[in-house]
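J.: This is what each chain is made of:
There are 2 protein chains.
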Amino acid sequence: MDEQQIIKWLKKHCKPIRDEVILGIGDDTAVIDYSNDTYLLLTTDVVVDRVHFISGRVSPYGIGWKALGVNISDIAAMGGIPLWALVSVGMEKNKSDICKKIYKGILDLAKQFNIDIVGGNLSRSEVLFINIFLAGIVKKEDLVLRSTGKPNDILFVTGTLGGAQKRKQFSFIPRIHEAKKIIEIVKPSAMIDLSDGLASDAKKLAEASNCGFEIEAERIPVSADASRKNKIFSALYDGEDYELLFAVSPEYESLIPDSINNVSITKIGRLTEKKQFLLRYQNGHKSKISEEEFKHFT
Amino acid sequence: MDEQQIIKWLKKHCKPIRDEVILGIGDDTAVIDYSNDTYLLLTTDVVVDRVHFISGRVSPYGIGWKALGVNISDIAAMGGIPLWALVSVGMEKNKSDICKKIYKGILDLAKQFNIDIVGGNLSRSEVLFINIFLAGIVKKEDLVLRSTGKPNDILFVTGTLGGAQKRKQFSFIPRIHEAKKIIEIVKPSAMIDLSDGLASDAKKLAEASNCGFEIEAERIPVSADASRKNKIFSALYDGEDYELLFAVSPEYESLIPDSINNVSITKIGRLTEKKQFLLRYQNGHKSKISEEEFKHFT
Numbered sequence: 000m001d002e003q004q005i006i007k008w009l010k011k012h013c014k015p016i017r018d019e020v021i022l023g024i025g026d027d028t029a030v031i032d033y034s035n036d037t038y039l040l041l042t043t044d045v046v047v048d049r050v051h052f053i054s055g056r057v058s059p060y061g062i063g064w065k066a067l068g069v070n071i072s073d074i075a076a077m078g079g080i081p082l083w084a085l086v087s088v089g090m091e092k093n094k095s096d097i098c099k100k101i102y103k104g105i106l107d108l109a110k111q112f113n114i115d116i117v118g119g120n121l122s123r124s125e126v127l128f129i130n131i132f133l134a135g136i137v138k139k140e141d142l143v144l145r146s147t148g149k150p151n152d153i154l155f156v157t158g159t160l161g162g163a164q165k166r167k168q169f170s171f172i173p174r175i176h177e178a179k180k181i182i183e184i185v186k187p188s189a190m191i192d193l194s195d196g197l198a199s200d201a202k203k204l205a206e207a208s209n210c211g212f213e214i215e216a217e218r219i220p221v222s223a224d225a226s227r228k229n230k231i232f233s234a235l236y237d238g239e240d241y242e243l244l245f246a247v248s249p250e251y252e253s254l255i256p257d258s259i260n261n262v263s264i265t266k267i268g269r270l271t272e273k274k275q276f277l278l279r280y281q282n283g284h285k286s287k288i289s290e291e292e293f294k295h296f297t
Numbered sequence: 000m001d002e003q004q005i006i007k008w009l010k011k012h013c014k015p016i017r018d019e020v021i022l023g024i025g026d027d028t029a030v031i032d033y034s035n036d037t038y039l040l041l042t043t044d045v046v047v048d049r050v051h052f053i054s055g056r057v058s059p060y061g062i063g064w065k066a067l068g069v070n071i072s073d074i075a076a077m078g079g080i081p082l083w084a085l086v087s088v089g090m091e092k093n094k095s096d097i098c099k100k101i102y103k104g105i106l107d108l109a110k111q112f113n114i115d116i117v118g119g120n121l122s123r124s125e126v127l128f129i130n131i132f133l134a135g136i137v138k139k140e141d142l143v144l145r146s147t148g149k150p151n152d153i154l155f156v157t158g159t160l161g162g163a164q165k166r167k168q169f170s171f172i173p174r175i176h177e178a179k180k181i182i183e184i185v186k187p188s189a190m191i192d193l194s195d196g197l198a199s200d201a202k203k204l205a206e207a208s209n210c211g212f213e214i215e216a217e218r219i220p221v222s223a224d225a226s227r228k229n230k231i232f233s234a235l236y237d238g239e240d241y242e243l244l245f246a247v248s249p250e251y252e253s254l255i256p257d258s259i260n261n262v263s264i265t266k267i268g269r270l271t272e273k274k275q276f277l278l279r280y281q282n283g284h285k286s287k288i289s290e291e292e293f294k295h296f297t
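Chains R and D, in that order, are what the protein sequence lines are. Taken in order, the first sequence gives residues 0 to 297; the numbers are from numbering that gives the first Met the number 0. Taken in order, the second sequence gives residues 0 to 297; the numbers are from numbering that gives the first Met the number 0.
Calculated directly from the structure, the hints in this document are not laboratory data. Where a beta carbon is used, it is the ideal one built from N, C-alpha and C, also for glycine. Among the hints, erroneous ones may be present.
Computed spacing ranges between beta-carbons, pair by pair [said to hold, decoys possible]:
hint	chain 1	residue 1	chain 2	residue 2	range
1	R	Arg227	D	Asp224	55 to 61 Å
2	D	Glu125	R	Arg227	26 to 32 Å
3	R	Val262	D	Glu19	25 to 31 Å
4	D	Gly55	R	Glu215	28 to 34 Å
5	D	Ser289	R	Ile53	38 to 44 Å
6	D	Arg56	R	Arg227	42 to 48 Å
7	R	Lys266	D	Glu19	35 to 41 Å
Which bits of chain R does chain D cover? Going by a derived footprint, with three or more residues having C-beta under 8 Å, they are [said to hold, decoys possible]:
hint	region
8	22-33
9	120-129
Using the sequences and the accompanying hints, generate a full structural model.
T.: Dropping the structure here:
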């Protein structure tokens, strides 16, 4: 039983009973109807030593930055803005210097997005971990889910993909402002943030939307850091990009600009009625997106 | 530098900038003004293997129960009701049986309080930890802080104290209903939940309220599980009781019942203007509450 199976088991046992819970487990954040004109968004994500980073090989500042960034990215994927964070740190004792540097990374990124750190705790642990909880809000009409894409919707990604393990995962800017701008131009039919790699996350969006997808291999915007021999595979499978993948109805395709705030926006394919996950090459070659996925829990 | 020092450093660097943040770090939960008639309460707490429990010596079910219970207890201490939880679990792979039992403990307690598990994540980690985030609400007029006690206010505790390590910490019922009832009768001037032990937590309440306290040793309700030779010391220092300590203005003292829902309510002393932390015995002997405190992070 792997992570996905346990999550399936959990979803079955965690069906929301409260009326105000619009969405529980299953999207980038939970969605709560608690105020007149906004939804409350709740998310949490953890980074663990020797799983999401190797302490000693990366700056504590970067670890803190990433720990908050992955959560902000989840709020971005729902079209929301982040507001209040709680930070749990587990670490060995007598490491207060490292601890402060981790918090410095968290606090600097929090400042960029006007997020208040309103609570948390510090615990002894033989393995370093940082677990951040983040709450945000989204105007009700701006909420974007991953499950509402339609066949033939055009797929776009922000930024470039691949090789993020090298540097980007510890210094990325979550796409809050870009998501907001995109929604102002045309509200995507579905959106997800890219944490596990384009192949895996596109599949999540397509499956949640009851669709398949076709991605045009040569359109994928590959990062200069992509390190595999096959750069496209780097972009598909490396993970940790924290860009946005979103779907737009074909009638609005032309409204999407080439870039927002100097972040490129690239058309990479479309959702399909047929539930296949295809990669198309210009030479006519097609291949199914392989099962080589980015799995933390294996 | 220990946990308390890092938390002091953090408080200095995490002063809220957002108007809606009524209270950030420093009480049992954060308090957010986001709706007309209620405050949003946000809290998070973690339990870590070989710090808060020893896996193998306690049931995974009990570990899960405790992991959620400590958070519910924080909401109780603010006078609120818990609503939505997110659950992060870090554990070694191929432990899905243990994982399910942990979740079972969480889910059963969640059910008792109508809490929805609305998100979370599962990560590989060499050390088992469960980090739960819990949100709740409190009617604005019912919010109770730890920092608003006054000299001469009478101190009460719910339940009995000491020896909770043995059993109670893995099966306690957080005092949500009792807190609500107490507030209906008379709103406490200050309240805190007892996680680190009466000595330590009474000191936190008193210091936050800019007071000292006198506790009458023989009045402390000692649990049958209290295991130290000196039972009173067990009640003062063992910790993990998850009862409530609250202060009530002397004019309302007589309104507080002896028990609520079969949970005893016991007067144990009072807040004082003089910032001393005193234990008084019937024979006239007085002693300062010692520095022998319950510290996870040492």
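J.: Now look at each hint and say whether the structure bears it out.
T.: Checked hints:
1. R:Arg227 / D:Asp224: 55 to 61 Å: 59 Å, holds
2. D:Glu125 / R:Arg227: 26 to 32 Å: 28 Å, holds
3. R:Val262 / D:Glu19: 25 to 31 Å: Since Val262 of chain R and Glu19 of chain D have Cβ atoms about 29 Å apart, the given range 25 to 31 Å holds.
4. D:Gly55 / R:Glu215: 28 to 34 Å: Given about 52 Å between the Cβ atoms, the range is violated.
5. D:Ser289 / R:Ile53: 38 to 44 Å: 42 Å, holds
6. D:Arg56 / R:Arg227: 42 to 48 Å: 46 Å, holds
7. R:Lys266 / D:Glu19: 35 to 41 Å: About 39 Å separates the Cβ atoms of Lys266 of chain R and Glu19 of chain D, which means 35 to 41 Å holds.
8. 22-33: With 7 residues in contact (Cβ-Cβ under 8 Å with chain D), the coverage given for the region 22-33 of chain R holds.
9. 120-129: holds (count 8)
Hint compliance for this structure: hint 4 alone is broken.
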